[in-house]
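So the sequence lines, in the order shown, correspond to chains W and F.
Using this note's numbering, the letters of the first sequence map in sequence onto residues 1 to 115.
Using this note's numbering, the letters of the second sequence map in sequence onto residues 1 to 112.
These aren't lab readings, by the way, just hints derived from the structure by calculation.
Be a bit skeptical, because a hint or two may be false.
[To be verified] Among chain F residues calculated to face chain W with C-beta under 8 Å, some are: (1) 43; (2) 49; (3) 51; (4) 98.
As the structure is a prediction and not an experimental result, all values here were calculated from the model.
Every residue gets a Cβ at the ideal spot worked out from N, C-alpha and C, and that includes glycine.
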Amino acid sequence: GAVVSQHPSRVICKSGTSVKIECRSLDFQATTMFWYRQFPKKSLMLMATSNEGSKATYEQGVEKDKFLINHASLTLSTLTVTSAHPEDSSFYICSASPSTNTEAFFGQGTRLTVV
Amino acid sequence: AQSVAQPEDQVNVAEGNPLTVKCTYSVSGNPYLFWYVQYPNRGLQFLLKYITGDNLVKGSYGFEAEFNKSQTSFHLKKPSALVSDSALYFCAADNQGGKLIFGQGTELSVKP
Numbered sequence: 001g002a003v004v005s006q007h008p009s010r011v012i013c014k015s016g017t018s019v020k021i022e023c024r025s026l027d028f029q030a031t032t033m034f035w036y037r038q039f040p041k042k043s044l045m046l047m048a049t050s051n052e053g054s055k056a057t058y059e060q061g062v063e064k065d066k067f068l069i070n071h072a073s074l075t076l077s078t079l080t081v082t083s084a085h086p087e088d089s090s091f092y093i094c095s096a097s098p099s100t101n102t103e104a105f106f107g108q109g110t111r112l113t114v115v
Numbered sequence: 001a002q003s004v005a006q007p008e009d010q011v012n013v014a015e016g017n018p019l020t021v022k023c024t025y026s027v028s029g030n031p032y033l034f035w036y037v038q039y040p041n042r043g044l045q046f047l048l049k050y051i052t053g054d055n056l057v058k059g060s061y062g063f064e065a066e067f068n069k070s071q072t073s074f075h076l077k078k079p080s081a082l083v084s085d086s087a088l089y090f091c092a093a094d095n096q097g098g099k100l101i102f103g104q105g106t107e108l109s110v111k112p
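One chain only, chain W, in its complex shape (with noise of 0.2 Å):
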């Protein structure tokens, strides 16, 4: 199946920093991206829905100040968590499709910690 990849795996910062995460389609491209949040043993959240060349859109409740999103190219979309607080601290998990009829793959996921 298709690869996406995501990185980092982890990553520790200190409140108040910016952190970037990036999710990389490798052997197809992919006009628009999608990034989750998930919580232990919870469902996944739809944060924003990101779309090459042109601005993201976020779902309900989701602060696009802080959670910023570029999707510069059709296989990298990135998500900068900007002046991260520790409630910002998740899993994060980005995803992408081929085309419209198949599946999504799902990047690693990244768990930010925020101290």
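Keeping the supplied structure of chain W fixed, place chain F upon it in accordance with the hints.
Same frame as chain W, but now just chain F:
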């Protein structure tokens, strides 16, 4: 509101026994339906999908799922569970071109 429900937080099965993880959906139109599995601190791995056609879908690692339109269900099954099947399982629906609606997740525990 559109939703996917997994009524069981946890399913416990003895190794070698059949397993079922339940999923029902309330999504307009004819959604695509998926099952994913997640191991600790990992992303989701695709197991199987239903788009159209035969109601019984076979997927990875011996899993299968039965689509029932009248009951709006898509239960995941396996004839003989393995200890290594222990993980978190998610049912999901898609009718918006890739935007997935996830169920709450069901933790499967298979004991030797």
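Do the hints match the structure? See the list:
Of the supplied interface hints, the one on residue 43 of chain F holds, with its beta-carbon coming within about 4 Å of a beta-carbon of chain W, less than 8 Å. Satisfaction of the interface hint for residue 49 of chain F is found here, the shortest Cβ-Cβ separation to chain W being roughly 5 Å, below the 8 Å cut-off. Evaluation of the residue 51 of chain F hint against chain W yields a held restraint, the C-beta minimum of about 7 Å falling below 8 Å. Proximity of residue 98 of chain F to chain W holds as hinted, the smallest CB-CB distance being about 5 Å (cut-off 8 Å).
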